[in-house]
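> Residue-level listing of the chains:
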Amino acid sequence: MNAQSTDIATYNFAYLDEQTKRMIRRAILKGIAIPGYQVPFASREMPMPYGWGTGGVQVTASIIGPDDVLKVIDQGADDTTNAVSIRAFFKKVAKVAVTTETAKASIIQTRHRIPEQPLSAGQVLVFQVPIPEPLRFLEPRETETRKMHALEEYGLMHVKLYEDIARHGRIATTYAYPVKVEGRYVMDPSPTPKFDNPKMHRSPALQLFGAGREKRIYAVPPFTDVVSLDFEDHPFEVQTFDQPCALCGAENVYLDEVILDDHGGHMFVCSDTDHCEKRRADGHHGHLAPETHSASEKMEPAE
Amino acid sequence: MDIATQSIDGGFAEPVFNAQAVFRAIMDAMARPGTIQNLPPLARPPASLSATAGAVALSLCDNDTPVWLDPPLQAETSVKAWLGFHTGAPLANTPADAHFALIANPKEMAALDGFAQGTQEYPDRSTTLILLVDDLASGPSLLLEGPGIENTSMIAPPGMPRHFVEQWKQNNQRFPRGVDIILAAPGSLSCLPRTTRIKTMEA
Chain U
1 MNAQSTDIAT YNFAYLDEQT KRMIRRAILK GIAIPGYQVP FASREMPMPY GWGTGGVQVT
61 ASIIGPDDVL KVIDQGADDT TNAVSIRAFF KKVAKVAVTT ETAKASIIQT RHRIPEQPLS
121 AGQVLVFQVP IPEPLRFLEP RETETRKMHA LEEYGLMHVK LYEDIARHGR IATTYAYPVK
181 VEGRYVMDPS PTPKFDNPKM HRSPALQLFG AGREKRIYAV PPFTDVVSLD FEDHPFEVQT
241 FDQPCALCGA ENVYLDEVIL DDHGGHMFVC SDTDHCEKRR ADGHHGHLAP ETHSASEKME
301 PAE
Chain S
1 MDIATQSIDG GFAEPVFNAQ AVFRAIMDAM ARPGTIQNLP PLARPPASLS ATAGAVALSL
61 CDNDTPVWLD PPLQAETSVK AWLGFHTGAP LANTPADAHF ALIANPKEMA ALDGFAQGTQ
121 EYPDRSTTLI LLVDDLASGP SLLLEGPGIE NTSMIAPPGM PRHFVEQWKQ NNQRFPRGVD
181 IILAAPGSLS CLPRTTRIKT MEA
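Protein chains in written order, with my numbering: chain U, 1 to 303; chain S, 1 to 203.
No wet-lab data here; the hints were simulated from the structure. Treat each hint with caution, since some may be false.
[Claimed, not checked] In silico DSS-like pairs for lysine-lysine, Cα to Cα no more than 27 angstroms straight-line: (1) S:Lys-169 <-> U:Lys-180; (2) S:Lys-199 <-> U:Lys-180; (3) U:Lys-215 <-> U:Lys-91; (4) U:Lys-180 <-> U:Lys-215; (5) U:Lys-147 <-> U:Lys-180; (6) U:Lys-147 <-> U:Lys-160; (7) U:Lys-147 <-> S:Lys-169; (8) U:Lys-160 <-> U:Lys-180; (9) S:Lys-169 <-> S:Lys-107.
[As the list claims (entries may be wrong)] Per label pair, the in silico range of CB-to-CB distance: (10) U:Arg-202 <-> S:Val-165: 25 to 35 angstroms; (11) S:Pro-40 <-> U:Met-48: 28 to 38 angstroms; (12) U:Glu-232 <-> S:Pro-40: 52 to 62 angstroms; (13) S:Pro-40 <-> U:Ala-97: 20 to 30 angstroms; (14) U:Ile-165 <-> S:Pro-40: 49 to 59 angstroms; (15) S:Ala-13 <-> U:Ser-120: 26 to 36 angstroms; (16) U:His-158 <-> S:Asn-38: 27 to 37 angstroms; (17) U:Glu-45 <-> S:Gly-84: 25 to 35 angstroms; (18) S:Gly-114 <-> U:Asn-252: 50 to 60 angstroms; (19) S:Asp-64 <-> U:Glu-142: 16 to 26 angstroms; (20) U:His-234 <-> S:Gln-120: 30 to 40 angstroms; (21) S:Thr-5 <-> U:Glu-101: 46 to 56 angstroms.
Computed from a predicted structure; not experimentally measured. Beta carbons: idealized from backbone N, C-alpha and C, even for Gly.
Could you put together the complete structure from these sequences and hints?
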């Protein structure tokens, strides 16, 4: 099967066997045809634990080809454990080119962020999803949530958002903020910060979602309406930050808080490491950026 | 050539990479309805099944997916033998049992609502129709809009089913139930997922 290796024991290209890929591919096509609907699929055991992106990995493995360029991010970062190990996994089992640059990637597998740089047509964003069912914490029974989706009965979700307002004076959900896709299905955008929700709306990129433990695949095709649920008097709004990135000075991006010492010192930096590095390379400076402009700063992510 | 040889020949030369290439073309076409994805002839099925339709079947069908053949294909033992050998897909007895349907003569095909539509709970349990068309440009123009399309897009496959625009409107109204269509032309393919709306062009 695999013409690339002469080893006696070897994996099929992209790890999964062909029948599994076909099954996942069929689920992906149905997901694209019914935006926001969670297609059940026969999720496989992967050589990593649940919660590490087994759903996203299976989706990526089923769509990836030898010409693809893969980027993997974990909370926006290219250099954290999950991102590094999944990137190394595909380098090993599919021998594909990998990158950390958003613009150069044809497939971006992501855990809980959408890159700051706008995506372009032809790119595929693959989300790792822990709990695909947005109604699950409101209604634990799958039979019931399925019926609710079938009947487009989403009142419970609005009650939940309303209770937020009654208790906190505002909608307190800050991540996994429910969206309505193309006016029909309420969908969990995976635990991305709600900051990223507007990026899903009419994105030129194809967005695929894989939940390995829960065995669901869903999709948002390009140029599809993705509207965050809200109320007329409490409209949806994204997080704002009162200071720019401490390293690159970027505003209107999603920031992570980094603790600097045990005296309460902290700074806010871009969660999207590629975006931050690009800006610093372009000469942007935040107030905590190192003064010495060392060009050797640009580091390769560990493999 | 006898049927045994015909049914064994003509599969993917590189099963893994060809299946991936064909799938990506279908995925991109499904995600961007109305765009035309070029596809080199990767499969060589018996005559009445086109290379494109054959490649689509090879990349998506297996023993989990009952396939329905329209009467012209049904009549060809070599097609059944070829699909059977290369995909292992069982033949569906009725259109409503089919996961995939191969339609060589769309003009005369059964009504779209005769195929599996899925259920309200499981709308994914529906038939994907693979229509063999001569090309994607010489027929009456279909102006498309919906998810995957920025403004509008257009394809013009000839020889589509009777009252297709009206049938498709009904298919839209059944959403989330409904069928999806893969249009397989020589050297290219295009898709019409159930979300795509055909705008009737008034003068």
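> Does the alpha-carbon distance linking S:Lys-169 and U:Lys-180 stay inside the 27 angstroms limit?
holds, 23 angstroms
> Given a hint of 50 to 60 angstroms, does the C-beta separation of S:Gly-114 and U:Asn-252 actually sit inside it?
For U:Asn-252 against S:Gly-114, whose Cβ atoms are near 53 angstroms apart, the range 50 to 60 angstroms holds.
> With respect to the beta-carbon atoms only, verify the hint that U:Arg-202 and S:Val-165 lie 25 to 35 angstroms apart.
With a Cβ separation near 26 angstroms, U:Arg-202 and S:Val-165 satisfy 25 to 35 angstroms, so the hint holds.
> If you check the beta carbons of S:Pro-40 and U:Ala-97, does the distance land in 20 to 30 angstroms?
For S:Pro-40 and U:Ala-97 the Cβ distance comes to about 23 angstroms; the hint holds.
> Is U:Lys-147 close enough to U:Lys-180, meaning Cα to Cα at most 27 angstroms?
Since the Cα atoms of U:Lys-147 and U:Lys-180 sit roughly 17 angstroms apart, the hinted pair holds (cutoff 27 angstroms).
> Given the hint of 16 to 26 angstroms, check if S:Asp-64 and U:Glu-142 actually sit that far apart at their C-beta atoms.
holds, 22 angstroms
> Using the C-beta atoms of U:Glu-45 and S:Gly-84, is the stated range 25 to 35 angstroms upheld?
holds, 31 angstroms
> Can you tell me whether the CB distance of U:Ile-165 to S:Pro-40 sits inside 49 to 59 angstroms?
holds, 57 angstroms
> For the pair we were handed, U:Lys-215 and U:Lys-91, check the Cα-Cα distance against 27 angstroms.
Satisfied, since the Cα-Cα distance of roughly 25 angstroms is no more than 27 angstroms.
> Has the given pair, S:Lys-169 with S:Lys-107, been kept, meaning a C-alpha gap of at most 27 angstroms?
holds, 17 angstroms
> With the threshold set at 27 angstroms, check whether the alpha-carbon distance from U:Lys-180 to U:Lys-215 stays at or below it.
Satisfied, since the Cα-Cα distance of roughly 21 angstroms is no more than 27 angstroms.
> So if I understand the rule, the pair passes when the alpha-carbon distance is 27 angstroms or less; does U:Lys-147 with S:Lys-169 pass?
holds, 25 angstroms
The structure fails to meet hint 16 from the earlier list, while all remaining hints are met.
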